[in-house]
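Asker: Here is how the chains run, residue by residue.
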Amino acid sequence: MLYIVITYLWASILLYLLLGGADFGAGIIELFTSQKNKQVTRKTLYSAIGPIWEANHMWLIIAIVILFVGFPVIYATMSVNMHIPLTVMLIGIIARGTAFTFRHYDAVVDDMQHLYNSIFAVSSFTTPLFLGIIAGSAVSGHIDPSAATFVDAYIFSWLHWFSITVGLFTVSICGFLASVYLIGETQNEQERLRFAHKAQFFNIAAVVCGALVFAAAWFEHIPLFDWVFGNWVGRIAILSATASLIWMWTLLYQGKTGLLRPLAGFQVTMILLTTTYKHFPNIIILKGGGYLSLTEHAGQEKTIGALAWALLLGSILILPALFYLIYSFQKKPIGYGSEAH
Amino acid sequence: MNDFIAARSQMALSLGFHIIFSCIGMVMPFFMAVAHFYYLKTGQAVYKNVTKAWSKGVAIFFATGAVSGTVLSFELGLLWPEFMKHAGPIFGMPFSLEGTAFFIEAIALGFFLYGWDRFNPWFHWFTGVVVGVSGLASGILVVAANAWMNSPAGFEYLNGQYLNIDPIAAMFNEAWFSQALHMTIAAFAATGFAVAGVHALMILRGSHVLFHTKSFTIAAVFGCVAALVQPLSGDISAKDVAIRQPAKLAAMEAHFHTEKSASLIVGGIPNEEKKQVDYAIKLPGFLSFLAHGDFTAEVTGLDRIPEENHPPVAITHYAFQIMVGMGMAMMLIAVLYFTALWKKRKWLQEPWLLKLFALATPLGFIAVEAGWTVTEVGRQPWIIYNIMRTADAVTPMPGIAYSFYLFTAIYASLAVFVVFMLYRQIKMVGRLYDHN
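Going down the list, the protein sequences come from chains S and F.
Under my numbering, the residues of the first sequence are numbered 1 to 341, in order.
Under my numbering, the residues of the second sequence are numbered 342 to 777, in order.
Okay, chain F solo, but in the shape it has when bound:
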């Protein structure tokens, strides 16, 4: 494995790991706050138990997310020093604000976790909400920095020099809104489905049904609402990418030839040599419509982009298909669930709906990882779009492959530990949180 590929793999691994923990860390506090709210309003012990059980999960995920985030702040320099040397002062603004948001999250978490029976109950509840809000703010700010890499702003690039730096303009780059919106909704959908799925499984097994039903309902409602609105934000993102990063859109769709009334390609195997997609379903005009809101509009294909600036087509295309597929599946489940809630209450008693949720547990996170792959791999070969190539940013230190193997081992064992920890939490629900 050469050093460049190793560095990219290590970065992908670290971000792919961190993204799961940060999504859960920023969304779970809201579930917790809802359960806590019901407890304070109704006094039903089950809601208190749900809140406490979830808060332990939040603590585990927050701690793991905090350390993997700390690692990332160093890895940016360890792997991409040349990038950070130039980009740091330009896109640093959201990071410096994110530091504050993250700090407040840590303080609020201290109040919340250790504050039971110690403060005014509503102040205690409020600190839980602060955990969620500041977590969300951190996430949105970090996405601003990534959006800047896709849509560089706030400087002039002249003869290899980065002049007239304006960090505020850099932060409010064009891609920020659409990316942050898409990511935030994705976090709610993924976490909602993951949490709901685990509780659905426990209900199916017949253990502590009341406890798990209350938990399931809160998570499922959050997840399903997010799954239903996500396509709208996806549409905003697609139209934005079509204008700003035509190469990325072309790779997502394996759209090799510029044409009017371009077809939307579903599935298929991109053949980069023959510049065609085999075995795909083609919906004529739909790509033009999705990208530009007009069935006859022209969509730039990879043929208009110099070969050396092509992103890897196959990976981007597959990742995009996976993301959309998972999104559609979750949307379908959401429609069924809301139909059950409003029209067909008896469905809620039937196991098939719960089974569906249990099967859907990982879908949201698969979509998150796939979407992340689309945005990162689709930006290649650039680390700063149209300004700096990823290959020019990598550290001069040889032997990065060993570092990659090391971090792979660490993250793999951490993942095993966290799953083990959650398994034990769930197994102990009866003894710790549900005495009835």
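Next up, chain S with everything else stripped away, as it sits in the complex:
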């Protein structure tokens, strides 16, 4: 039962990274788009994610509920030591969710749109940045439950080079996912090329940020290199991700778009796999080598059992409906200019 719950936790983090990530990325692309192309980008974005917009962000809620029900000590530790970045992330979630809705449902279209757009774009950047910072901090060994001063306990637990580079890496992955996703939504060659350029830009950004993550890890004595390359799972995952990346770019230059999304999704899945595999089941690595583990710090048996059943039951209800939603709007997109009314 415990492993069912852990699988759901991992899967919801992955799905949030892929779907929520592409969603964040769409906003990040807006931030990096020239003024004259912004309107087209926005429309492509809206026709692509409008109907599934709310659903993409449910994965975070599922993950957090699994954590606080099944692994309360881990949830409580994160809540205390990551209080500040979690708060910043929450503000990003509030700002982004409401700005996205307001800009489409404001009955009057006027200068307010500029405000909604800038809030949406900026929070699309800060939210995944801080999600990455939190994820990086969890395994960085900087969290010190017995810290004596405020800065040690609540600031340096998350403010260090490793977590910041992981945050930037997360942002570039989101931008990459969104660009690849949007290529499939475009209506003409010119737009396709524009998003292909974006994908290229974020791909390079991800490689650079990835290198920075390794440099920061080396600098801060975090054995990231060993986690990723020190075992066969990591090596195979990285190798296949790289191979699929090359394949993806070949397809893109040949103008074939069918397989792009699954390939980009596969690459990100492999990245999450390598970064979580080696130190599993330890989800938080504390200062001084202590850790919080998904197996040792799980709730009592009956709780885990009930949680697993709730998740299984939930998937039976959710997944078919979600697939039908995505299928319906893929088959016949809502199109440009169409509004949700």
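These are computed hints drawn from the structure, not numbers from a lab.
Remember, it's a predicted structure, so these values are computed and weren't measured experimentally.
Incorrect hints may have been included.
[Unchecked claim] Only pairs whose alpha carbons sit at most 20 Å apart, straight line, appear in this in silico SDA-like list of lysine to any residue: (1) S:Lys302 - F:Ile509; (2) F:Lys393 - S:Asp106; (3) F:Lys768 - S:Gln113; (4) S:Lys331 - F:Pro462; (5) S:Lys302 - F:Leu499; (6) S:Lys331 - F:Phe460; (7) F:Lys555 - F:Ile767; (8) F:Lys768 - S:Met112; (9) S:Lys287 - S:Thr275; (10) S:Lys331 - F:Arg459; (11) F:Lys393 - F:Phe378; (12) F:Lys393 - S:Ala107; (13) S:Lys302 - F:Phe513; (14) F:Lys768 - S:Asp111; (15) F:Lys389 - F:Val470; (16) S:Lys278 - S:Asn231; (17) F:Lys768 - S:Ala107; (18) F:Lys393 - S:His104; (19) S:Lys302 - F:Leu504; (20) S:Lys256 - S:Phe266; (21) F:Lys393 - S:Val108.
[Stated by the list, open to error] Beta-carbon label-pair distances, calculated as ranges: (22) S:Phe201 - F:Ala742: 41 to 47 Å; (23) F:His598 - S:Leu313: 48 to 54 Å; (24) S:Leu251 - F:Asp733: 57 to 63 Å; (25) F:Tyr620 - S:Trp309: 52 to 58 Å.
All C-beta atoms in this analysis are idealised placements derived from N, C-alpha and C, irrespective of residue type, glycine included.
Following the hints, position chain F against chain S.
Answerer: Relative to chain S, chain F alone:
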């Protein structure tokens, strides 16, 4: 402001904000479904326009409710880590089911908002109903978790240890039924009156009268039915609280001294030092009757409860008086409205009834906030009744006051935005939804 008070204020603010959006988010879809049903049955364009106009409101409220709900799922840990460390595994069951209900609501909303002219009309209508039903289910499940804090169940508490956890028993705690019933009816009454009030105002102004009359009628009927049955559920709640949480009942009524044939105290200013209520109206025996169904029964007063376990009396008492007062006012309006519908059709043409509804716009939500205050403040000083004190659950992080100021600023500006957005929706009714 000390950190403990700041943490409590931030939690109260976040819940007080979220409760409005979740009430509207779970009730409006039903109004929408009724209007949509009339459209599909009669083909009258006005019903389609009402449905579409309301669906935009639902989208705005759902999005705001979804983000404020996401914030809450983190705030529980950010502000009360010690509570969540122990309570999470016990009362988590309704939260894990609520996740599913909320997810389905989001999916159904995607179908509904974007599904016009795309699916079979009745399938499209059905997805709107699913939005409402799953929203309602979310609400009822979240209340189960709160009820558990009032009526802890599903574990044994021995020497500070929480043993033999049974999440199912925790979910089906004793307070769940009465609390969920009261909250659900309150959501219908509050939303019904708020929506009806806004449309009543527009009819009075003479703009798009047909559109606003259809909208008004649907919302008013929902709101008035709920306002009429709410006292019954209130009675169930009162009797339940009298047995389970005598301290809360005593605080609600500012009932300082245990006595038989206890008087019901209406209004007044509780004086906690002298243990009396000044300037109150007293109805002898009625408190005994309301709490135990017998005019002579004994009602436990605050004197039987150790001082350190007293909830704040004044706040709880005032909040309770406000809730009951608003409830009575809405009930009265409901009686007038149904009299108009069945016996005095000409009242419907007269402006005074509409004016009454327009004035009553905020009453339901004031009652909701007041009732929420009664249940939360009345539970103090406990976060888990008789098990864990709120003061022992708070985060060790200093400086929570700044976090409180920050969230106050955020929620205040969000509230301004939402009101602004609704104002613009209503202003644009003519251009967007009513071309005739």
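Asker: Against each hint, give a clear statement of whether it holds in the structure.
Answerer: Structure-based check of each hint:
no., hint, result
1, S:Lys302 - F:Ile509, "holds (9 Å)"
2, F:Lys393 - S:Asp106, "holds (14 Å)"
3, F:Lys768 - S:Gln113, "holds (18 Å)"
4, S:Lys331 - F:Pro462, "holds (18 Å)"
5, S:Lys302 - F:Leu499, "holds (18 Å)"
6, S:Lys331 - F:Phe460, "holds (12 Å)"
7, F:Lys555 - F:Ile767, "holds (15 Å)"
8, F:Lys768 - S:Met112, "holds (16 Å)"
9, S:Lys287 - S:Thr275, "holds (19 Å)"
10, S:Lys331 - F:Arg459, "holds (11 Å)"
11, F:Lys393 - F:Phe378, "holds (13 Å)"
12, F:Lys393 - S:Ala107, "holds (12 Å)"
13, S:Lys302 - F:Phe513, "holds (15 Å)"
14, F:Lys768 - S:Asp111, "holds (17 Å)"
15, F:Lys389 - F:Val470, "holds (15 Å)"
16, S:Lys278 - S:Asn231, "holds (8 Å)"
17, F:Lys768 - S:Ala107, "holds (9 Å)"
18, F:Lys393 - S:His104, "holds (14 Å)"
19, S:Lys302 - F:Leu504, "holds (11 Å)"
20, S:Lys256 - S:Phe266, "holds (17 Å)"
21, F:Lys393 - S:Val108, "holds (16 Å)"
22, S:Phe201 - F:Ala742: 41 to 47 Å, "holds (43 Å)"
23, F:His598 - S:Leu313: 48 to 54 Å, "holds (51 Å)"
24, S:Leu251 - F:Asp733: 57 to 63 Å, "holds (59 Å)"
25, F:Tyr620 - S:Trp309: 52 to 58 Å, "holds (55 Å)"
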